[in-house]
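**Q** As a plain string of letters, each chain reads:
Number of protein chains: 4
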Amino acid sequence: MKHTCTLTVRSYECDSYGHVNNAVYLQYLEYARMEFLKDLGFDYTSFRKAGLGLVVARVCITYKLPALYGDQLTIVTEPIRFRGAFGVFRQEVFREKTLLATAEVSWFCVNGEGKPTPLPPEFALKELKPSP
Amino acid sequence: MKHTCTLTVRSYECDSYGHVNNAVYLQYLEYARMEFLKDLGFDYTSFRKAGLGLVVARVCITYKLPALYGDQLTIVTEPIRFRGAFGVFRQEVFREKTLLATAEVSWFCVNGEGKPTPLPPEFALKELKPSP
Amino acid sequence: MKHTCTLTVRSYECDSYGHVNNAVYLQYLEYARMEFLKDLGFDYTSFRKAGLGLVVARVCITYKLPALYGDQLTIVTEPIRFRGAFGVFRQEVFREKTLLATAEVSWFCVNGEGKPTPLPPEFALKELKPSP
Amino acid sequence: MKHTCTLTVRSYECDSYGHVNNAVYLQYLEYARMEFLKDLGFDYTSFRKAGLGLVVARVCITYKLPALYGDQLTIVTEPIRFRGAFGVFRQEVFREKTLLATAEVSWFCVNGEGKPTPLPPEFALKELKPSP
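Residue numbers (numbering that gives the first Met the number 0), protein chains in the order written: chain A, 0 to 131; chain B, 0 to 131; chain C, 0 to 131; chain D, 0 to 131.
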């Protein structure tokens with residue numbers, strides 16, 4: 000399953016090069032993952048109230064072309080691994096058909112002490128698993 | 000050569016988990032690279048006036064432990080590759096002796112059209128090369 | 000004329016209180032002013048290429064109620080003063096019918112040296128003036 | 000009592016004008032208020048654990064001159080009002096002797112339900128009151 004969402008580059012996200020600053024892409028990727036979760040019905044509020052959290056363990060992002068003020072971006076998010084407490088998303092940032100950046104983001108589920116803990120069944124939605 | 004700089008986590012850099020948000024680390028790493036350049040005498044203002052830029056091509060960052068409000072962080076930056084228009088830094092984020100995150104950041108030099116171009120000799124400082 | 004735009008609160012915009020951080024509201028207000036300009040046909044790219052800039056001179060913002068992750072916000076922007084190089088917007092942030100914040104933002108137009116300069120006629124759109 | 004702290008403008012805090020973005024000043028002001036509290040011995044961690052919070056009610060900021068990458072800024076913070084649950088700080092941002100921005104920030108103390116509540120005596124430090 001591939002999830003798609005869109006956003007438009009805002010003025011304050013651009014740095015003195017006139018480009019979206021490299022750190023802002025990680026905000027975009029977080030936004031897209033949260034949209035993915037929301038759209039598949041993951042109840043994030045209950046998840047947090049249960050004392051659980053989703054933590055990013057690793058990000059590898061390759062920047063191919065700069066994004067500019069006003070660009071409409073599409074972010075494609077696809078789970079490529081999921082097991083127990085741990086998963087990986089592949090995420091791609093496009094301006095129309097042009098690929099601007101590509102990333103892999105590893106995450107895990109933590110309990111209230113910050114220790115990795117398997118996602119409880121009610122949150123371990125099948126869409127978090129990669130398509131066979 | 001390893002360059003070291005320090006910063007203290009600010010309140011607004013922490014997200015609803017009370018942790019430094021994962022995107023903020025990329026800001027910290029950028030800060031540390033700019034400090035590195037400044038401390039070795041790289042004249043960034045002249046560099047920009049010459050129509051040149053430093054662009055991040057790739058970041059791989061592994062988050063090991065969260066940083067919290069008020070933490071004093073040390074960032075160690077070390078060039079591990081440099082040739083022509085292209086280089087790589089290894090960067091590590093510590094709280095005292097504890098390693099919180101480790102990253103590799105690839106960069107290249109671009110001209111006014113955004114094309115890769117070798118660093119002119121006056122900017123290609125020897126400290127940008129990895130120690131032998 | 001009142002201009003309206005919407006946005007949804009993103010996870011990374013919330014601080015350790017779980018609220019949208021007070022600085023982020025200024026980003027929202029900037030976003031809404033840029034949308035206002037775009038929607039009335041102000042050619043910001045040409046404006047910048049002409050060496051001109053829009054600079055914020057003053058912001059007074061009153062925070063009434065916190066905005067939370069996922070909130071859909073509506074921002075209403077209305078010019079309440081405009082003359083020569085200088086203008087004022089009133090901006091209000093709503094969650095549905097609930098007013099969360101209200102602001103007045105003073106701005107002026109600057110030339111390449113950063114000096115106030117009247118907006119050239121092709122940019123001094125009538126919609127920048129308050130309704131009579 | 001006037002409290003003083005310093006910071007250096009970081010690259011990613013500058014927008015496409017090459018200036019510190021207007022929203023970033025509110026982050027600087029928050030940083031300076033937190034430094035003020037820390038330096039006078041306010042135990043923010045205990046304060047938060049007691050279910051209390053400090054909330055910004057209003058900010059009026061006047062921008063006089065832009066701050067640029069690398070600028071060393073001094074922020075002067077002075078309480079000008081404090082009573083019960085409510086207070087006001089005056090804050091000024093300088094580059095050496097040059098005043099770049101001046102602000103008044105109103106705040107109040109809230110309990111766990113977000114209702115205004117007087118600062119408990121152990122947190123109502125006398126330095127929060129304006130000098131007579």
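Mixed in with the good hints there might be a few duds.
Unchecked claim - With beta-carbon atoms standing in for the labels, derived distance ranges: (1) D:115 - A:49: 42 to 50 Å; (2) A:44 - B:131: 50 to 58 Å; (3) A:94 - B:114: 40 to 48 Å; (4) A:94 - C:38: 43 to 51 Å; (5) A:79 - C:17: 52 to 60 Å.
Said to hold, decoys possible - No farther apart than 20 Å at their CA atoms in a straight line, the calculated lysine to any residue pairs in the SDA-like style are these: (6) A:114 - B:15; (7) A:63 - B:37; (8) C:63 - D:116; (9) D:63 - C:37; (10) D:125 - C:110; (11) C:37 - A:63; (12) B:37 - D:116.
To be verified - For the chain B half of the interface with chain C, some residues (derived, Cβ under 7 Å), not all of them: (13) 7; (14) 107; (15) 111.
Hints are computed from structural coordinates only; laboratory data are not their basis. Even glycine gets a Cβ: it sits at the ideal position worked out from N, Cα and C.
**Q** All hints, please: hold or fail.
**A** Outcome of the hint check:
Taking the beta carbon of each, residue 115 (chain D) and residue 49 (chain A) are about 31 Å apart, not inside 42 to 50 Å as hinted. The hinted range of 50 to 58 Å is satisfied by residue 44 (chain A) and residue 131 (chain B), whose Cβ atoms lie roughly 55 Å apart. Against the hinted window of 40 to 48 Å, the Cβ-Cβ separation of residue 94 (chain A) and residue 114 (chain B) comes to about 19 Å, which falls outside the hint. Look at residue 94 (chain A) against residue 38 (chain C): about 21 Å separates their beta carbons, and that is not inside 43 to 51 Å.
The hint said 52 to 60 Å for the Cβ distance between residue 79 (chain A) and residue 17 (chain C), and at roughly 31 Å that hint is violated. Between residue 114 (chain A) and residue 15 (chain B), the direct Cα distance comes to roughly 18 Å. Compliance with the 20 Å bound is thereby established for this hinted pair. Straight-line distance between C-alpha atoms of residue 63 (chain A) and residue 37 (chain B) comes to about 27 Å, which puts the hinted pair past the 20 Å bound. At roughly 16 Å between alpha-carbon atoms, residue 63 (chain C) and residue 116 (chain D) fall within 20 Å of each other, so this suggested pair holds.
About 27 Å separates the Cα atoms of residue 63 (chain D) and residue 37 (chain C), which puts this hinted pair outside 20 Å; it is violated. Using a Cα cut-off of 20 Å, the hinted pair residue 125 (chain D) and residue 110 (chain C) is violated, with the two alpha carbons roughly 47 Å apart. For the given pair, residue 37 (chain C) sits about 28 Å from residue 63 (chain A) by alpha-carbon distance, which is inconsistent with the 20 Å threshold. Only pairs whose Cα atoms come within 20 Å are accepted, and residue 37 (chain B) paired with residue 116 (chain D) is rejected, the gap being roughly 47 Å.
With 7 Å as the threshold, the beta carbon of residue 7 (chain B) stays out of range of chain C, its nearest partner Cβ sitting at about 16 Å, so the hint is violated. Of the supplied interface hints, the one on residue 107 (chain B) is violated, with its beta-carbon coming no nearer than about 26 Å to a beta-carbon of chain C, more than 7 Å. The interface hint given for residue 111 (chain B) is violated, since its Cβ lies 15 Å from the closest Cβ of chain C, which is over the 7 Å cut-off.
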